[in-house]
Amino acid sequence: MTALIELQGAGKSFANRAVLQAVNLSLVPGRIVTLIGPNGAGKTTLVKIVLGLLQPDTGRVQRSAQLRVGYMPQKLHIDPTLPLQVERFLQFANADTSTCIAALDRVGIAHLIQQPVSGLSGGEMQRMLLARALLRKPNLLVLDEPVQGVDVTGQEALYQLIGELRDELSCGILMVSHDLHLVMAATDEVVCLNQHVCCHGTPQQVSVDPEFVALFGAKTALYTHHHDHEHDLHSGLVNSPAGSSCNHDSAQNNSTQHGSRKGSQSDV
Amino acid sequence: MYDFLYLALLAGLGVAIVAGPMGSLVVWQRMAYFGDTLAHGALLGIALGLWFSWSNSLAVVIVCLLIAGLLIVFERQRLLATDTVLGILSHGSLALGLVALTLIPGARTDMEALLFGDILTVTAAEVAVVWLMAVCVLATLWRLWPSLLAITVHEDLARVEGVRVDVVKAVLKLLLALVVAISMKVVGVLLITALLIIPAASARHFAKTPEQMAVLASGVAMLAVFAGLASSWWLNTPVGPSIVVSASLFFVLVLLIRGRRA
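These protein sequence lines are chains A and B, in that order. In this text, residue positions in the first sequence follow the working numbering: the first is 1, and each later residue adds one. In this text, residue positions in the second sequence follow the working numbering: the first is 269, and each later residue adds one.
Honestly, the hints are just simulated from the structure, not real lab data. Where hints are given, some of them may not hold.
[As the list claims (entries may be wrong)] Taking lysine to aspartate or glutamate pairs in the DMTMM-like style, the calculated list, with each CA pair at most 25 Å apart, reads:
#1 A:Lys48 x B:Glu429
#2 A:Lys137 x A:Glu6
#3 A:Lys137 x B:Glu343
#4 A:Lys48 x B:Glu423
#5 B:Lys476 x A:Asp79
#6 A:Lys137 x B:Glu429
#7 A:Lys75 x B:Asp351
#8 B:Lys437 x A:Asp79
#9 A:Lys48 x B:Glu343
#10 A:Lys75 x B:Asp378
#11 A:Lys48 x A:Asp188
#12 A:Lys137 x B:Glu423
#13 A:Lys75 x B:Asp424
#14 B:Lys476 x A:Asp188
#15 B:Lys476 x A:Glu6
Model the full assembly from the supplied sequences, consistent with the hints where possible.
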C-alpha cells in the first residue's frame, strides 16, 4: 500500500539544539499509528512536520498527491471574549450547515450545534474538534492528544469512535498520546519518540521494549522481555517488520542502560 | 452655522464604525498593546510630517505602517518577547516624537490636541479622508473576515486548512495602522486604543456571534461619539476624553447589568 506521507531521516533543530534526529515514519490508509514519548521528546515538532507547518532541516518528506489532512489540535483555547457557537466554529472549514450537522451527528453531539463553544465540557470539546477534522473528508487524520481533559469512560468511547472512523473512512490516523494503557488497545502501531525513534512496533512489542520501559517505567510493560530485532551500531536505526529498536547516544535520562546494550548486537 | 459640529460628528462616526470590528479583533487577538504602540508612533509621524512639510495624515500612515512592518519582522526573528519589542517601539517612538516636535524650528504645535484629539477643528477634506479610509478598511475586513476569525480561534488549524496565516496577520496589522492614523484627530494618540477596545468589550455581553459583537461595538462607539460631542457642547469638556469617558460609562453600565443578572 502506498504511504500517505513518509518521513525519511527527518531531523529538526531549534537554536542549534536537536529536537528530532533521523526520524522515519510512514502513515498508510487504514492504520492507526500512535506517537508516545515524554515531554520535550519532539512529538509536537514531528506532528508539525507531518502537517507541513514545519520543514525538517535534514531528511525528506514525501506526501501523496491525494493527501487530505484533517487536523485535531491539542487544546483549543478560545478567548472568552470571542462569542462563538459550535456551528460557526465548524463553518471555518468551509462547510455548509447540513455537512456540519452530519459531522456533529457522527461524533454524537448534533444536539450541541447552537451551543457556545466556551460552555462545552472537555469531552464535547474534543468531539467538536474531531467533527471539524472530519469536515475536510480527510484520508489522514492527525489527532494531537485527542482524549485530553476527558474522563476515563469518555476516553474509551472516544478511542472507540476513532477506531470506527478509521474503518468508515479507511483513512490513516496519527495520534499523539501521553496516557499509555488505553491508547495501547486502540492502536495498530506505536512509535516511541525521544528526539529519535526509540522503538516502534505493535503495542505488545513496544510495551516490552527496554527503551520503552526505561522511559515509562515497568508498570506499562506487561510481558517478560525477549528481543526479536538487531541493533545497528553505525546508523542507529534498523527497521524490521516485527518492530525495531535502536541504540542512541543522545538520550540523557537512561544512558547507562544504553551503554550496556550497545555492546551486544542481539540478545535473542 | 454649526458646520464644525456636523463635520466633527461625521468624522467621529466614520471612526466609530470601523472601531467596532477592528476593536473586536484587537480584543480577541489581544493586540491592545500593539494598538498603543502604533498610536504612540503616530506622534512621531506628526513630527516627521511637520519636519518635511508633508500632509499630517500621510506622515502618520507612513510611520504607522513602518512600525507595523518592524514589528512583523521582529516577531519572525523571535529574539525578544513580543511585549518587550512593543515596549521599546511604543515608548521609544512616543519619546522621539515628543522630542522631535520641540526641535522643529518655528513650528508651534498644540501638544494637547495631538495627545487627546481635536475633532472640532476637523476640515471637510479630513472628514473625506476618514470616510475613504474607513470604507477601505471595512471592505478589507469584510473580505478577510472568515480567515481572521479562523486564525483567532487556532492559527495552526487555520494554516492546515489553507489560510495564509502570515499574510492575514500582516494585513490586520496594516489595517490597524490605518485605523490609528484616522482616529488620531478624533481622540488623540493616547486614547485611540480605548476607543477600540472599550466598545468591543461592552458589546461582548450582548453578542452571540462574532458579527453581532462587531456591529454592536460599532453602535456603542457611535453612541460614545454622540455623547462625547454633546458633553463637550453643553459642559465644555474636551471632546476626545469625553468620548472615551462616555464609552467607559457604557462599559460600567454593562458590568452592572451583568452583575444583576448573574
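Checked hints:
{"no.": "1", "hint": "A:Lys48 x B:Glu429", "result": "holds (13 Å)"}
{"no.": "2", "hint": "A:Lys137 x A:Glu6", "result": "holds (20 Å)"}
{"no.": "3", "hint": "A:Lys137 x B:Glu343", "result": "violated (34 Å)"}
{"no.": "4", "hint": "A:Lys48 x B:Glu423", "result": "holds (12 Å)"}
{"no.": "5", "hint": "B:Lys476 x A:Asp79", "result": "holds (14 Å)"}
{"no.": "6", "hint": "A:Lys137 x B:Glu429", "result": "holds (12 Å)"}
{"no.": "7", "hint": "A:Lys75 x B:Asp351", "result": "holds (24 Å)"}
{"no.": "8", "hint": "B:Lys437 x A:Asp79", "result": "holds (17 Å)"}
{"no.": "9", "hint": "A:Lys48 x B:Glu343", "result": "holds (20 Å)"}
{"no.": "10", "hint": "A:Lys75 x B:Asp378", "result": "violated (51 Å)"}
{"no.": "11", "hint": "A:Lys48 x A:Asp188", "result": "holds (22 Å)"}
{"no.": "12", "hint": "A:Lys137 x B:Glu423", "result": "holds (20 Å)"}
{"no.": "13", "hint": "A:Lys75 x B:Asp424", "result": "holds (12 Å)"}
{"no.": "14", "hint": "B:Lys476 x A:Asp188", "result": "violated (43 Å)"}
{"no.": "15", "hint": "B:Lys476 x A:Glu6", "result": "violated (43 Å)"}
Hints 3, 10, 14 and 15 from the list above are not met by this structure, while the remaining hints are.
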